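Engineer: Given the coordinates of chain W, work out where chain X should sit on it, guided by the hints.
Residue numbers (the working numbering), protein chains in the order written: chain W, 1 to 236; chain X, 237 to 563.
Please keep in mind that the hints were generated in silico from the structure rather than gathered at the bench.
Treat the hints with caution; some may be incorrect.
Some chain W residues close to chain X (C-beta under 8 angstroms, calculated; not the full set) [unchecked claim]: (1) SER50; (2) GLY88; (3) ALA100.
Keep in mind that this is a model prediction, so the values were computed, not measured.
Each residue gets a CB set at the ideal place from its N, CA and C atoms; glycine is no exception.
Chain residues, written in single-letter form:
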Amino acid sequence: MTLLAVEGLEKRFGGVQALAGLSLSLDEGGLLCLLGPNGCGKTTFFRVLSGETAADAGRIDFADRRLEGEGPAGRARLGIARKLQTPGLFAALTVAEHLALAAASPAAHGPVDAAALLARVGLGEHAETPAGRLSHGQRQWLEIAMLLALRPRLLLLDEPTAGMTRAETRRTAALLRELNDKDGVAAIVIEHDMAFVRELDVAVAVMLQGRVVATGSYAEVGRDPLVRELYLGKRA
Amino acid sequence: MSRKRLVQGLVWLGLTLLPLFIGEWQTLQLAQFLTYGLFAMSLALAWGRLGLLSFGHALFFGLGAYAMALATMGRLPGLEAFPSSWLGLALACLVPWATAQLLGFFLFHGRGLRGAYFGITMLALAVLAERLTQGTAWLGGLNGLIGVPPLALGLDGGGPALLDPLPTYWVMLGVAFAVFLGLEMLLASSRGLAMTAVRENEDRLGFLGYDVAAIKRHGFALSAAIAGLAGALFASQFGFVSPKLIGFGLSAEVLIWTALGGREMLLAAFFGALLLSWTETVLAGLLGAYWLLALAALLVLSVLFFERGFVAGILTLLSRGRRPGRR
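Excised from the complex, chain W in its bound form:
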C-alpha cells in the first residue's frame, strides 16, 4: 500500500529551480535512499515534505490524504518526523527529557518505553546527561530516538551519519535496518556516504537538478550511465 506519493513537485527560490517536477512514491514500511550531488534539491524536498516551506506546484499524498497548507507541527502530527541535517536538539535538556518532550507531544502516536528506546540507540547510560555534553554521534542518535518516541509513520533522515566515525556509521545502518525490518517504520534517507548506502542495501532514487533521474537497487543504479557520469565523471 502506498504511504507517500509525490507528483510533479516544483519549488523555485528566486532564479534557482530547486525542485523541477519531482515525483516519487514510497510504500508503507518502505525504505528509500535519496542520492544526488549538492544542490540537486534533496533537502528542499524534505523541507517541502515536512511543511517548512510550501511547493510552488505539484501534489503530495500521505496516507491517503492530500497534504496542503500544514506547517511542520501539523505534518508531524500526521506522522511525518524529520531529522535535521545538523542535530536539532535542546542543549540544556537531558537525554531523558528529550524523550519525555517527544512522548508528551501532540504528535506522539502512542506510548513509548523510553529506557528501551535509549538502550536501543546506545544512550542507556546517558539518560541524565544534558544533550550539550554528548558527542556528535550520540547527538545524531538522540535525535533519531526522539523522533522514534513520536512513533511516526514516516521518518525523514537528512544525512544521519554526517560527522560519524566508520563504526558509528555501521551501527546507524544496522539500527535503521532493524527499525525498518522489525518495527516497520518507513523512512527516506538522504545520504552522501556510499558505504552507508551500500550497507543499507535498499531502494535508491538519484536526484539531479530537482527531479528523480534514476531509481532501483544500489547495484542497478550504480550501473546507470548517467549516475556513473554524475559520480565518476565522463570518460575522456
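Structural biologist: Coordinates of chain X only, in the frame set by chain W:
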C-alpha cells in the same frame, strides 16, 4: 531532599526571619522590593524560559498598578461603589494577561517576531503606554494617581487593612513564595519542559508537533499576569502610581535585576532584584548619582564572570554540581 531544594528553602527561611533583625523602615522598604522581586520573576519566566527578551516589560507592571489604583480608588465607571482590593488584584492580573494574549497573537503567530525585533516592539509599546498615560486625565496624567489605599480584606474595600510593616512584608513574601512554588511546579511539568525547549530550539520543537506560537503566547501572558500582580502590590504599598511605572525606565531596571540575578533561575532573578534594589538605596546614599556608574560596573563584571547571573552563580555553587540555567 536535594541540596538544591535545601538551599532554596534556606533562602526563603532567611527572608522570612529577616525583618525580625532589621528596623521598621527597612522592613517596609524590603516589602516594596519584594514586589520588584516578583516582577523580576515574571521576566525570568518570559526571558529565561521562553527566550522572550522583553525591553518593555514594565508595560504589564504598570497596567497592573493602574488597574489596582483605578479599582481601589473607585475610578472605574460603574464600579465606583465597589473599591475592593480583591477586584483590583483580579483586574491587575487579568488586564495584563489579556493584553499579552492579544499582543502574542499578533507577535508570535504567522511568521512571528523573534529576538531583537520582539524586544524593540515591546520597548516601543512601553514608551507608547507611558506617553498615553501621561496624556490621559482619567489616569492622573503626568502626576499619576495619589492615594491608592492599602490592601484591605473586605470584599467592599473595608475591613482590616495591611498597614503595619511586618504583616505587609510577610504578605508580600507569601505571595512571592506562592508564585515561585506555582512556577517551579509548572516548569517541572511537561508544559514547562516545552517552554524550556522553546528557548533552546523553537524550530525543532515545531517539528516535534508542538504549537510553538501558542506556548509562547500562553507563557508570555502568564508572565504578564505576574508582572501585573507585582505592579498591583507595589501600588497598594506605595499609595501612588505614575507613568514611570509603565515606561522604559522601569523596563530597563527589571532587565538589569534579572540579568544580574540570573534569568534562567526564578529564585536568582527574585533575589537579584531584592539585592540590587537594596544596594541601590545604600550606594545612592554614599555615591549620589555615581551609583549608576557602580551599577554599570557591576553589570560588566557579572557578564564577564557570571554569564548566567551573579546570584544564579552563587546559588549553583551552593547547590554544587549543577551549572546555572538548569532547573
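Engineer: Look at each hint and say if it fits the structure.
Structural biologist: Here is what the structure says about each hint:
With a least beta-carbon distance of about 7 angstroms to chain X, the hint placing SER50/W at the interface is held under the 8 angstroms criterion. The interface hint given for GLY88/W is met, as the beta carbon of that residue sits about 4 angstroms from the closest beta carbon of chain X, less than 8 angstroms. The beta carbon of ALA100/W is positioned within 8 angstroms of a beta carbon in chain X (closest approach about 6 angstroms), and the interface hint is therefore held.
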